[in-house]
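Once you've looked at the hints, dock chains L, V and F against the given chain X.
There are 4 protein chains.
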Amino acid sequence: MSSSQPLRGVVPPVCTPLDAAGEIDTASIARHVEHLVGGGVHGLFALGSSSEVAFLTDRQRSVALETVVEAVAGRVPVLAGVIDMTTPRVLDHADAALKAGADALVATAPFYARTHPREIARHFRTLRARAGLPLYAYDLPVSVHSKLSATLVRELAEDGTLAGLKDSSGDEGGLRRLLVELGGRHGRADGPAPSFSVLTGSELTVDAALLAGADGVVPGLGNVDPAGYVRLYDAVRGGDLDGAVGEQERLVELFGMVDAGPESEMGRNSSAIGAFKHALRLLGIFTHGTTAEPQVQLGDAAVAHVEERLRGAGLLPVR
Amino acid sequence: MSSSQPLRGVVPPVCTPLDAAGEIDTASIARHVEHLVGGGVHGLFALGSSSEVAFLTDRQRSVALETVVEAVAGRVPVLAGVIDMTTPRVLDHADAALKAGADALVATAPFYARTHPREIARHFRTLRARAGLPLYAYDLPVSVHSKLSATLVRELAEDGTLAGLKDSSGDEGGLRRLLVELGGRHGRADGPAPSFSVLTGSELTVDAALLAGADGVVPGLGNVDPAGYVRLYDAVRGGDLDGAVGEQERLVELFGMVDAGPESEMGRNSSAIGAFKHALRLLGIFTHGTTAEPQVQLGDAAVAHVEERLRGAGLLPVR
Amino acid sequence: MSSSQPLRGVVPPVCTPLDAAGEIDTASIARHVEHLVGGGVHGLFALGSSSEVAFLTDRQRSVALETVVEAVAGRVPVLAGVIDMTTPRVLDHADAALKAGADALVATAPFYARTHPREIARHFRTLRARAGLPLYAYDLPVSVHSKLSATLVRELAEDGTLAGLKDSSGDEGGLRRLLVELGGRHGRADGPAPSFSVLTGSELTVDAALLAGADGVVPGLGNVDPAGYVRLYDAVRGGDLDGAVGEQERLVELFGMVDAGPESEMGRNSSAIGAFKHALRLLGIFTHGTTAEPQVQLGDAAVAHVEERLRGAGLLPVR
Amino acid sequence: MSSSQPLRGVVPPVCTPLDAAGEIDTASIARHVEHLVGGGVHGLFALGSSSEVAFLTDRQRSVALETVVEAVAGRVPVLAGVIDMTTPRVLDHADAALKAGADALVATAPFYARTHPREIARHFRTLRARAGLPLYAYDLPVSVHSKLSATLVRELAEDGTLAGLKDSSGDEGGLRRLLVELGGRHGRADGPAPSFSVLTGSELTVDAALLAGADGVVPGLGNVDPAGYVRLYDAVRGGDLDGAVGEQERLVELFGMVDAGPESEMGRNSSAIGAFKHALRLLGIFTHGTTAEPQVQLGDAAVAHVEERLRGAGLLPVR
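Which chain is which? The protein sequence lines are X, L, V and F, in order.
The first sequence runs 1 to 319 under the working numbering.
The second sequence runs 1001 to 1319 under the working numbering.
The third sequence runs 2001 to 2319 under the working numbering.
The fourth sequence runs 3001 to 3319 under the working numbering.
Please keep in mind that the hints were generated in silico from the structure rather than gathered at the bench.
No experiment lies behind these values; they were computed from the predicted model shown.
Positions of the beta carbon are idealized from the N, C-alpha and C atoms, including for glycine.
If a hint is listed, it holds; no wrong ones were tucked in.
Below, in silico cross-link-like pairs of lysine to any residue (SDA-like), each with a Cα-Cα straight-line distance of 20 Å or less: (1) F:LYS3147 x X:VAL142; (2) L:LYS1147 x X:SER169; (3) L:LYS1147 x X:GLU263.
Just so you have them, the derived chain L footprint on chain X, three or more residues with Cβ under 8 Å: (4) 160-173; (5) 196-208; (6) 252-262.
Label-pair ranges, simulated between beta-carbon atoms: (7) F:ALA3020 x X:ARG59: 28 to 34 Å; (8) F:ARG3059 x V:ARG2114: 41 to 47 Å; (9) L:GLU1034 x X:GLY183: 32 to 38 Å; (10) L:SER1149 x X:GLU181: 31 to 37 Å; (11) L:ARG1154 x V:ASP2240: 57 to 63 Å; (12) L:SER1149 x F:GLU3265: 39 to 45 Å.
So that you can see chain X by itself, here it is in the shape it has in the complex:
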């Protein structure tokens, strides 16, 4: 992948299997990469939020990324999250990602310390200047507590700082405005490949985002059902909107697995990631459903809920 060939399609954020001791389970990663690439995905996003990147030590991040890159063996591009608080720390992760063989970097705005929009712009520009890989901005207000404005994204797209955007802001109206400003759907479908790739992280409205001109999707749920998201993508591209909506609705029902953990006992993150990981265990891909410390683990009732959703979506045989 080069910066002149922006990414299109389904690019799941790769869940990171752990063993019972909390260490990276590289054998499960290798199986998972086959599951995803075999499902027809167009790229992989390693070390994203769904990869529990925030919970992995630097050593674990390297092991996870290297294992993904090796298993992929060039079949699809691998984007690497370089998630940390500020520019100097992100640059260290960028060095590691380059060494591990990643094809592009994905960085959020700074977090922990409050930063000004001018400082956020400076952050991305410094990353682009010093790191030797194409750069995607990751708009994730729920984690970093600031929103990338459309004005800033356009500026950084136009001056070549960014190769693309992963929009997990949930602001679909704002995304629509950005897409129209970038040229609208018709220009994108009929014209040459876009020079700037817009990927949505809103996995429940992918039909809508693609219809509106987004180039692709980064669905956490795509870990569990990559082929489903690929069918959805292909249906929209092929003009079969009815098929796309039906597929999306099936995936919305499947997504209900994230409610597995009771809210009184665990966080939304551990419930959702735990559900994905146990689903992958039930599908025979992961050895364990363990999430990283300090997350609470799913109990038996929660795992039964996950299993039920898998059966409902046709991913496990109905008993």
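Okay, now just chains L, V and F, sitting in the frame of chain X:
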């Protein structure tokens, strides 16, 4: 309109024209109702946020609502916002709305005082029991600082408390989950009229919401271009997705008028509502573009920006 | 009270007793005014947040305010909350307060619609110009979701718009900066009466606020124990810091009554106000402990918790 | 320092001097440690928010901490921040801090990923179990976007997980409740040394916090004027409240330097930290006033504002 005939289609929140002294301009209201009904809309929402309901005295609310009802003369249903902090105050507005001849009520969750989900449920149930009109819940976290959960909405739909939902939360993923839980798109399109009406307030992604099974839209921008939203609605209903997307993109560009006021000088609300009102003035419908106190008025440059967007969208002749 | 005699001392926000049907219990109000004035307070704040102003209809607001004014009979000044979303609606309440005989008005920044700092300034200036009473700004971000900046407060103090500030923002550092900018503690204690009155709503750190130069306090808990807050105020004024801290600590323990209601079942507001009202019932002042709709009522265990705190603070005999 | 001798007094979070290239300036650190210890402080907090810990690479964190520990040479205890997103990453920093010779660790709640209170408790308990040093909880909602509840802090104090709390939440009422629950002021002053140390980060209300029974303060501004905070601490301990208030007011005026940078051009963090660092440069302690990437640097006008505040507070001769 009765509760057995839920609302479908385009239901603009009616802007409230004011004269230079800040009083209700009833002649402009009458012209505006013709503009909207003539544009083919399926209902009107008076005293909503875009009506500046928060800025109108009780007397002004009554004048505005009565004028709308009289001008509509039964051609389409009129929903009336009963926006206030808590149940007792909302009930007073409900009495006024009933007297003014509204067909249904639209109420938010309580605000100002922090309330528990159990108290929010109690709020809607008490309103339904004591007010003599069908009740729509208005989910508007940006104003009331709480979000109606899908669980609560379903509960209140199933027990008959609510006739429908106006979702202005911006949470399109949550809306999609709700629509799937309520039966999904296919069930809604082929089956009998829904017993619960889901209207989106997300005016920039209406094609997507209708595709996902929403029954209609409450677009602030529909004040300016009601016929555009009706074309968009008809296109989706008629299966012309390409037409719908094109119409939506034109409306997204038109929507750019809300950025008229400089952020350093005025709020987002006064900029957006001021833009709609000046657009209606430029279209010959409103006599003034005045917004209510304490809002800052649009300056000349801002009004020029509004005019440019009207020309760009084909609503004024290009010079 | 005139604007040349700013308020100093303990000014409780008067709880509004309701009967079982949710109507104003004027007999209990009269008893409560005696309890407060007899406790030595320096003023009363009617129709504040602790008065459940957000839950009272306009008619009920008038009854409550008129009853307070009549019962006080000029012994101390009565401030009246004019709590509503925007300038035109607040002006209606200001008219009612003037007619009811209030001595000053207390207004928040606009809420529900998002406003710009320039619009907030315009709001207070318009209120001051059109309402015939001295005006206090009520800084209450938890309800109105914006914070009055120190710069704005100083501007409005210096141009005579505001007679004072009730600071319930919880930002004690910001309050300290404001007090230093207004002249600091020493200037205030030794010099002439201040032309601008700073009252804190932070009822758990009154000793600190008075030490820092605040002129007084508006304590919700002062409904239950007005004499305690007066002792605390007098102790600081008399230089008995040890006595003040001890009194404050006793009141902090008493304040624990607000945790009465279980968080899983009711909101913080209904728990706190319910606790104050049941405490007043247990003290023989209120006939009922009822809170307004849609609030959940305290259960028996919660009321027992309130009673225990009253005994712990010496307000009821220990059994 | 052992866990049986909790910390009391003034414990500044040590600013980290950088050279023009953004590298750690160890010579300036050594001078700064003399400035602080010579000012009479009772401990140092290295790698805190004011140290720009979020902006330092792991290598830089080690250099900074080792330089502080070496320069202190055992004269006062050195607390080390171990600021990172989750337990596994924090444990890596704890190992580094132990090797560098720190006396205790300071950790926030997890951030970036949303965590449940049970997971936050698990985080601190795991840190205590696996790291070989006493542990302080750092309550900093502005950075980590969750608040440590008083219930949780008490639980973790009582079971020996925590040696203390650094409260930078700004919730002075909550702190007061916690202090009363922990025994109140009188018990603390007259009794044996506390087994749990409560330090406030609210540098503008230190007189109040100490009066309420806090054991000490972690003032960012203490970098600039350590002796001032020590005088303030000694005044409260010695019963000279007037002296304490006067000293605090002088420090509040000095604190005005944090407004140096214009809000339209830089963030609050870079303005405040930049002001402290330029103040230290003007005082001859730091060689440069540089802040780390991607922060905007203070301009000449801003530096002049800092200098003026230093003169106003008597730290530089008035010209």
